[in-house]
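Trainee: Sequence:
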Amino acid sequence: MSDPASEFNPTATPPKKARARVPKTVWDLVFTLLIPIMILSPNVLGSGISVAEQVFGGGTAGNVRAYLLAALIPVVYVLWDLGVNRNVSPVALIGGAGAIFSGALAFWYVDGFWYAIKDSARSYLTGILFLISAATSVPLFRVFLDAASIGEKPEDRAATQQAMRDPAVHRGLVLGTVVFSVVDLIGGVVNSIVNYARVTAKFGTDDFNAQIAAVNAVMRVPGLVISLVGVFAAIWFVQRAVKVRFGPEASLLEPAKLAAAMRERGEMPAEVGDPA
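The sequence shown begins at 0 in numbering that gives the first Met the number 0 and counts up one residue at a time.
In short, the hints are calculated from the structure, not lab data. Since this is a predicted model, take the numbers as computed values, not measurements. Accuracy of the hints is not assured; some may be wrong.
To be verified - Below, computed lysine-lysine pairings styled on PhoX-like, alpha-carbon distance capped at 25 Å:
# : residue 1 : residue 2
1 : LYS242    : LYS256
2 : LYS201    : LYS117
3 : LYS256    : LYS117
With the sequences and hints as input, model every part of the structure.
Mentor: What follows is the structure in structure tokens.
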């Protein structure tokens, strides 16, 4: 219960307002795009400052060190984020493995055609792994959808699990996984073409770093759009399979609706039963 005297006391210390937290997407943008671009730029924000020159001494050695720093900061950020949040979900672990893979490739000093391939290697690897998983009992796109239901009520999550084991929905998951992998591979090819056309300088030069910074800035939005197209297309195929199997109101992205649709059909998981 509050103290009435303090409510009307003009000298009382007002309660502290909770500080607005910076959205995680903003931090992602800062550490995976803005900071690397600034490190690679030979003229940061028109200030005449160059990290390669002022911090690392310039020349080939300075440019290589700046390149490595710009490549490794996003990797460290992703791994730090996983450690702080203690996120060991399959999706997070896949993201962490991808970050480590990208970090290792930073030490492959190439330019021209092979740099274009290297810069898209993560997309190529992801696409190939998803394509291979489509031939197994656990298509990788199922892992992403399964992670989305982790915070749901037990009966709703159980409904999601049972639905994804259904043969008809499994076929939708396979098709969705294939579509996602193909779009990811297409995104990698597009990124390689742009890099091959625009990153033409020799590795270790000022121009090479500047061209990488420019391409990273140019390709961020198109790359994101291509990825989202793959995700939404895959979800569409899965949702279509769910609605055909369990009714038009069923949705794998809304476990409560899916559970209700399965309950109406008498297909709720036996271990959960009818909550009524």
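Trainee: Given the proposed pairing of LYS242 with LYS256, does the C-alpha separation stay at or below 25 Å?
Mentor: 11 Å, holds
Trainee: Given the hinted pair LYS256 and LYS117, is their alpha-carbon gap at most 25 Å?
Mentor: 43 Å, violated
Trainee: Under the criterion that the straight-line Cα-Cα distance not exceed 25 Å, is the pair LYS201, LYS117 satisfied?
Mentor: 15 Å, holds
Taken one by one, the earlier hints fail for this structure only at number 3.
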